[in-house]
Structures are given as C-alpha cells and as structure tokens.
Amino acid sequence: MRVANALPVPVVEPVERAALPGAAAARRRFAFVGRVSVVGWRLIALAAFLGLWHLASIPAGKLLLPSPIDIVPAFLDEIRTGQLLTATASSLQVFAVGYLLAIVTGVAFGVLMGGIPRVGETLEIYVNALNATPRVAFIPFIILWFGLGTPAKIVVVWFQAVLPILINTYAGVQNTDPDLLEAARSFGARRGQLFRHIMLPAALPYIVTGLRLGAAMAMVGTVIAELQTALAGLGYLMAQFGGTFQTAKYFAPVLVLAAMGMFVSQMLKILERRLARWKATQTQL
Amino acid sequence: MDSPVEALRDVSLQVTAGEFVCLVGPSGCGKTTLLRLMDGLLEPDSGQVVIDGERPAAPGPHAGFVFQSFRLLPWRTVLDNVVFPLQVQAIARAERLDRAREYLRLVGLEDFENSYPHELSGGMQQRVGLARALALEPEILLMDEPFAALDAQTREFMQLELGRIWEHLGIAVVFVTHSLDEALFLADRIVLMGPRPGTVEELLTVSLPRPRWNYDFRATPEFLERRAYLWQRIRGMVADQPEFRAARADEALAPAGRV
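Going down the list, the protein sequences come from chains A and B.
The opening position of the first sequence corresponds to residue 1 in the numbering used here, with each subsequent residue numbered one higher.
The opening position of the second sequence corresponds to residue 1 in the numbering used here, with each subsequent residue numbered one higher.
Derived by calculation from the structure, the hints in this document are not laboratory data.
Any given hint could turn out to be false.
[Claimed, not checked] Simulated coverage check for chain A against chain B, where a stretch passes if three residues somewhere in it have a Cβ under 8 Å from a Cβ of chain B:
| # | stretch |
| --- | --- |
| 1 | 129-142 |
| 2 | 180-188 |
[Unchecked claim] Between beta-carbon pairs, the in silico distance windows are:
| # | chain 1 | residue 1 | chain 2 | residue 2 | range |
| --- | --- | --- | --- | --- | --- |
| 3 | B | 50 | A | 179 | 26 to 34 Å |
| 4 | B | 50 | A | 275 | 40 to 48 Å |
| 5 | A | 179 | B | 224 | 53 to 61 Å |
| 6 | A | 126 | B | 48 | 51 to 59 Å |
| 7 | A | 177 | B | 44 | 24 to 32 Å |
| 8 | B | 50 | A | 177 | 50 to 58 Å |
| 9 | B | 224 | A | 272 | 36 to 44 Å |
| 10 | A | 116 | B | 224 | 53 to 61 Å |
| 11 | B | 13 | A | 118 | 32 to 40 Å |
| 12 | B | 210 | A | 272 | 29 to 37 Å |
[What the hints assert, rightly or not] A short list of chain A residues far from chain B (calculated; beta carbon distances all over 10 Å):
| # | residue |
| --- | --- |
| 13 | 39 |
| 14 | 62 |
| 15 | 65 |
| 16 | 85 |
| 17 | 92 |
| 18 | 100 |
| 19 | 243 |
| 20 | 245 |
| 21 | 268 |
| 22 | 270 |
| 23 | 275 |
Beta carbons: idealized from backbone N, C-alpha and C, even for Gly.
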C-alpha cells in the first residue's frame, strides 16, 4: 500500500521530459493554445470560415455565392432603408407572441396530463401522433382560417413550438418523486397545491429542455409562416430577395435570424444555470 | 398485482396527549400502514381514527409526519422547506417566517436557513424534516423510522435531540422503528405488532426513569429484560418467513460445528 502511495504521478513526468527534450520546446511553441480564450478561438474559427467562404465565392460568382465582403454593404443598405428593422420587428413580434402562447398552453396542458393520469393516458397517443406529423401540413388550413396576417403566423409559430414543450412538461410531471407528493399530502396539500408546489418545480428541468426545443421550432415556424404568407417579416424579405436573385441582400435576414437564435438559446442557458443549484441533489440521492 | 392484502386487523391503539409510543415488530406487520392511517394519508376500509374527539377527514395540521427518506423539497432552501406546510395551510406570510425560524432554532439549524437540502448531511436534513413536521404545531408527531437512514453515531445523537425536543414541547409521538434499543430509549409505551395481517400483539409500558441520557440506561435490568423479551417475541414471529429459514438452519448447525 505504502509503495503504491509513494509512487505519485509527477515522478513519471520529469523522466518523460528528459527523454524527449523536444517535448518541452513543443509545449512552449504551442503554449498560445492555452492562452487564447474560448471566445478568441470562436473568433478565429469564424474568421477561418469567412475566409473559406470568400475563396469559394471567387469561382462561383456573385450570383451563386456572394462573398461575405459583398454582404456587408447589402446589409448596411437594408438597414439604411429601414426594411431590415421593420422586418425584424415584425418577425420578433410573431415569434415572441407565438412562443409565449406555446409556453403557457404547453406547460398548462403538460401539467394537467401528468397530474391527472386519466387525462394523460387518454391524450398521450394523440399528442404523439400530432408531434410525428409535419406541422407544415396544416399551414394551408391555418391560412384559410386565419388569413395571411399576423394572427395566422402566430398560430403557425404556436403550433410548431407547443408540442415539444407539452411533451417535455408531461414527462417531467410524470417523473415527479411520488414520495415528495406524499410528503406534501401529509401536510394537507390539495390537488392544486400539489400541481403548483411539487409537480411544476419537479418538472422544471424537463420544461427548460422543452423550452429550448420549442424555441428552435418557433424560430422555424416564424420563417415558414412568413415565407408562406409573404407579406412581412424576415421570411418575407428572404422570399423577395431569393425570388429576384438578390443573393447578397438575401443573407442579411438570414444573419439576423442566426443572431436571434443565438440570443434566445443564451437566455435559456442562463435559466438552466439558475436551476443547477438545487439540481445537484437529484444526482446525489 | 393489485389484489388487496389485509394489512391490519382489529387494531386498537390509544395514544394519550404528550405520550411517546413506539411501534415495533417484524417487517410486514403494518407499522407504516398504521402510521399512514393515523395521519389520514390512507383511508381505513373499516374502523376509524379519532384525534381529540374528532375524525380528521384528510391529512392536515393535526399531525406532523417525519419520513425515513427525509423527503425535503430539493428546490427549496431549508427555511422554505419548513415554511412549506405553513404555506399549504394558508398561514399569513409574516407568521410563516417567524414560526419556521422558531422551529429551525429548536432543531439547531438557524444558521443554515439559506442552504439547500443537498448541502446538508443526513442528520441535518432530518432535523429540517423534524422542524417542518413541528411547524404546524400538531397534536401528534408521526415518525416513520426517521433515523434508519443515518449512521449509528448520528442516530444516537438524533435520539437524544428528539428526547429533548419531545420533553420541551410535550407533544404526543408515535414512532416506528426496527431498533429495540431506540424504542426502549424513547418510549413510554412500546406496541409490539405481529404480521399477516398486522395486529397488536402486546403493549409494554417502559418505566425507566427519565431523562434516560443521564445514566447508562442500557445497563439497567429493566432494559436488558425488556430487550431480551421483545427480541425473542419478534424472532418467534419471523421464524416462519422463508427468508429466515436459512438462518435458522445455520443456527442449528453452528453448535455442532464448534465442537
């Protein structure tokens, strides 16, 4: 035992260094790898990607693949005319309202289905069937019923996002520790209190996963709805520029969408981190 | 799977105010079921539970329950866990906090009110469980093997603490345990239960003077005699159960092997 303890790992390392004198030099040479932060590396990767893109655009030509250098003036031009801002505001509104509606209804129905087993067992199969159907299939009907304006687009976004939120909430509520429910009942908690104080917080990690999936779906829904209705929003800009082969301009709304997606997923990450404090228990118990 | 099993039959038990009663007996004798009936978590198929002349319709503030696995809400701080039953009973916000802090002080955890359960040791978590059960100021405290998940040292310390708190509050306690030492240390009365279906086999009064932590109560003749008697009774009850038959066979062989 003592011999094993007396053989610490560092003893091996100097030997290795002595045997391979080049190793230390190599380590020094690549020392900048450790000094550059993750953000730095992300920027380097982005620059490399843009460089490759530019190189690829030279043989492809401006129409098929505009260089990132061409996109910058197009982007600025769209900001100057105000059309990018108007479109972004319109898209954000559709996205936010549809997504929030999906959160409220998805969580409410998920808790209801999970909390009242008879309701869950009855509806589960239909929810899964609906989830497996491409929601795009319903868009013509949604347009028929709601027209081409904002309400129709909100319904499309809601419909895209609600199912992953609902399904994850349902799973989370079903996974509530029955011992905690019994403990709460022993203090006289009634059904509504069990929903609010036990099932909902117990399901929260699942719900956040649902929110993340739902956000991505809502984003897709926003663009699909705008491409289909083609009246306003970033999707409308894309349909317009794509249809008239203004490819450099086409990339501006795409970039805005990417930025929106990044922002939403960062916000959800912060939300997840706030939950992590008590979540440590669940792995411990 | 769900075919009904008769868990308890002809059980009659009276607990007087301020009394400490321990339920002991082999596994499957319905100790835990009896405790849940007393709380109202289970409805009896026949018979009734009466507390202070009334039949409680559902679990509530009349009884406080302490569980073996603590069952604290992991997403709530220590203070908020103790607040929880008060919140359920719609007690005013200011009073909730005062009362929760008062009972946290009673179990010695006033400095940990902002910790989360997973940051505490098992013994501390069960102190929170105890404070939470006491916060509603119940007439009776129901404890389901509350110290069984703790290590031996913590367990003895918690028994002392519980003894102290019980004497301070003068509350009635019904305490389920597998440990005869624990039962003899804590109880005014021990209820010996038998299995399949669960029945009350015998009621024993423990007259060892209190407080029992002032002297070596394990060395007293009453403790030794009671312990030996209870152990023998329980052994007799489990001897017929299949999982103990092998042990009995070993016992029969052992003396022969030693010669």
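Going through the hints against the structure:
1. 129-142: With 0 residues closer than 8 Å to chain B, the stretch 129-142 of chain A misses the three-residue bar; violated.
2. 180-188: holds (count 8)
3. 50/B - 179/A: 26 to 34 Å: At 28 Å between Cβs, range holds.
4. 50/B - 275/A: 40 to 48 Å: Since residue 50/B and residue 275/A have Cβ atoms about 44 Å apart, the given range 40 to 48 Å holds.
5. 179/A - 224/B: 53 to 61 Å: About 37 Å separates the Cβ atoms of residue 179/A and residue 224/B, which means 53 to 61 Å is violated.
6. 126/A - 48/B: 51 to 59 Å: The hinted range 51 to 59 Å is violated for residue 126/A and residue 48/B, with Cβ atoms some 44 Å apart.
7. 177/A - 44/B: 24 to 32 Å: The hint (24 to 32 Å, Cβ to Cβ) holds, given that residue 177/A and residue 44/B are roughly 26 Å apart.
8. 50/B - 177/A: 50 to 58 Å: violated (32 Å)
9. 224/B - 272/A: 36 to 44 Å: violated (58 Å)
10. 116/A - 224/B: 53 to 61 Å: For residue 224/B against residue 116/A, whose Cβ atoms are near 55 Å apart, the range 53 to 61 Å holds.
11. 13/B - 118/A: 32 to 40 Å: holds (36 Å)
12. 210/B - 272/A: 29 to 37 Å: Violated, at about 52 Å.
13. 39: Since the minimum Cβ distance to chain B is about 31 Å, residue 39/A lies beyond 10 Å and the statement holds.
14. 62: holds (56 Å)
15. 65: It holds; residue 65/A is separated from chain B by about 50 Å at its closest Cβ, greater than 10 Å.
16. 85: holds (41 Å)
17. 92: holds (32 Å)
18. 100: holds (23 Å)
19. 243: Check passes; 51 Å lies beyond 10 Å.
20. 245: holds (54 Å)
21. 268: holds (18 Å)
22. 270: At roughly 17 Å from the nearest Cβ of chain B, residue 270/A sits farther out than 10 Å, so the non-interface label holds.
23. 275: violated (8 Å)
Consistency note: the structure conflicts with the earlier hints numbered 1, 5, 6, 8, 9, 12, 23.
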